[in-house]
Amino acid sequence: MDCVATGGNVKVLAKAIHSLSRIGEELYLESVEDGLALRSVNSSRSAFACFLLSPLFFQRYQAPADHSFRCKMPIKSVQAVFKSLASLDRSVEKCRIQLNSEKSRLTITLHCKHGLLKTHNLSFQDCESLQAVFDKESCANVLQAQPRLMVDTVLHFPPSLEEVNLSVSSDRVWLRNHVEDGADSLRAMMTELCLSSEEFDHFSVGSQTSVTFCLKELRGLLVFADSSGLPVSMYFDEPGSPVILSVADSVLEANFVLATLSEDSHPKNHVNSDTKHPDTEQPPDDFMSDDMDSFLIAMESSELPGPSHVPTSPPRPTNNRKHSYIEEEEDEQALADGPPNKKFCSLFFGSVLPTPSQLPNQTMPSQEVLASDSEDENQTETS
Amino acid sequence: MKFRAKIIDVGCLNHFTRVVNTVSRLTKACVLRLTCDHLYFVLSGRVASGGVSMWCELSQGNFFDEFQLEGVSADANEILLEVAPENLSRALKTAQNAKSVKIKLTKKSSACLTLAAELPSLSSVSRVVTHDIPVDVIPRRLWHDFREPQMPDFDVSIYLPPLKTLKSVVDRMKNLSNSLVLEANLNGEMNLKIDTDLVSVTTHFKDLGNPPWGDDGSQSSSAHRDPELMTEVCVDIRKLQQFLTGQQVHPSRAMCNIVDRRILHLIFLHEDVSLQYFIPALA
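Chains D and P supply the protein sequences, listed in that same order. Using our numbering, read the first sequence as starting at 1 and increasing by one per residue. Using our numbering, read the second sequence as starting at 1 and increasing by one per residue.
Here chain D stands alone, though its shape is the one from the complex (with noise of 0.2 angstroms):
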């Protein structure tokens, strides 16, 4: 294999690998049909995002001989080439990427100005095709928005906020910060935020719905899209189905799928919010409404020096997956100590990654697998 890409090309491709930086630990590089892939996936198998580019991207591009060269590689040893974007940009005129088979060797060449050549020589592993199973196409809603607007919508959450939850409606947008349940869920700060529909390039909600996910891994994508200008779309379903966001160009398509929380009802944030239903539009700004006399009496009331009672109210949907809603009230308590970090549904693959304390061929326990190993012939292949 042996590709070259120059000028600006570099700084996307340097742009690319940091993206796929905020994802997962390890860069997986693949050459495929269409050109050559770099992916990644967290270590939940919640977050994966994969950069095609196409054989145009690069002045040069010679696929390698058998054409179905992959390999996996620290995410770190990569970006650690692509270090500074200032000085790639002032100084770097061509990258160019090599495959040293014999030695196991990708040997990246960055030519510099004055005759400077930077060579890394970097060792990767051989593994499985990492491909996660989704189709943009059968999404029911979809929506295209100007990074601009991505970018500004996120500020107004804190750059710690793990979990957004996106409602839409046929003319709104609802994105607000999702909080787990549990001591802080009552003290924590909630934050909204509503866009018309016509802040968007493209609008298409197929029926009102409601998925959340998790921001930080996003961040990554904004931050392309907004040097690439590159309007980025969305493409969701009902929750547990994975979210899609991409930005493409003629030469390059980026997708980043995170998994949804699956719930049996559609999750409401603000329990008590009545006045913030997705169907309604934003009640008049009334006065009256905010009547706090019966609240306080019935915190007076009490013996307590506060209102540390919270007047009863419907019991927030618990972030549990899989069980059905009947069980949870009573299990509350008990599905609290779940393992906090496997929430969301883990994405369906298409292969199985072998780790060192399994065998090849014996798949993840928590890994439904919508479609066999890629070695499977009859397979076809998704995007």
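Since the hints were derived computationally from the structure, they do not count as laboratory data. Virtual Cβ for every residue (Gly too), placed ideally from N, Cα, C. Mixed in with the good hints, there may be bad ones.
What the hints assert, rightly or not - Cβ-Cβ distance ranges computed for the label pairs, FRET-style:
# : chain 1 : residue 1 : chain 2 : residue 2 : range
1 : D       : R105      : P       : G50       : 25 to 35 angstroms
2 : D       : S160      : P       : R262      : 53 to 63 angstroms
3 : P       : K93       : D       : G240      : 31 to 41 angstroms
4 : P       : K28       : D       : H202      : 42 to 52 angstroms
5 : P       : G11       : D       : D34       : 53 to 63 angstroms
To be verified - Here are the simulated DSBU-like pairs of lysine-lysine, each with C-alpha atoms no more than 35 angstroms apart in a straight line:
#  : chain 1 : residue 1 : chain 2 : residue 2
6  : D       : K15       : P       : K104
7  : D       : K216      : P       : K104
8  : P       : K107      : D       : K216
9  : P       : K6        : D       : K216
10 : D       : K216      : P       : K108
11 : D       : K216      : P       : K99
12 : D       : K11       : P       : K108
Given the structure of chain D, go ahead and fit chain P onto it with the hints provided.
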């Protein structure tokens, strides 16, 4: 109990944001006291806060275009809420270029101060960002803790040196010692002193001027006082530094009152905001 207020002017919004930012750097939790004419951010001196107390007073008319309040009862027309000022600060930060900001007391799963900002958007419909900040309503029987602090019977009152200078001196002294002695006299002279085993440093300021307090009782004992006589107080330097570092509003007047060996009372005045901070002497 009802509360509803609105800010339309960008300048007022920025000013209010800076005040809230200042308060949020001084304490993690405080009481917001709302009356028909004023807002107060109050921190009452407790062991938990290291004994410092704060009283920040804003005249509502200078910030809000609309302000409606119905207090707990007709004879107690006030509302007191315990709030984390950092939440308020974060909410205001996202509303920086808003067309309007509304603040309301609401009831979600618990009492909240809801801040709703109407933001400019790419379409004809504005973007609306809403923040629900959880608050605790303070019951009336605890209100006595949050009354306006009385002016202490101070020994010396003096204007502070330029804040930037004061801050840089205190910053450097903080690296050398945990406690600092601030002394001043009625002749406009002030010294900041630290004294450790390894080093002693004193910074002298003069010609600072002493505020004329007039005929109120506090000054009576000082009338016969020798103007050269220094009065001093030894405080935790970190508390003083925290106070000076947090300032986002540049005061038109900055002064302090010293009760000999007991309290350092700092007063920052601005046209529509006053901030008082009490630092007790180290035991």
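Next item on the list: Starting from the hint list further up, note which numbers the structure goes against and sort them upward.
Entry: 1, 2, 6, 12
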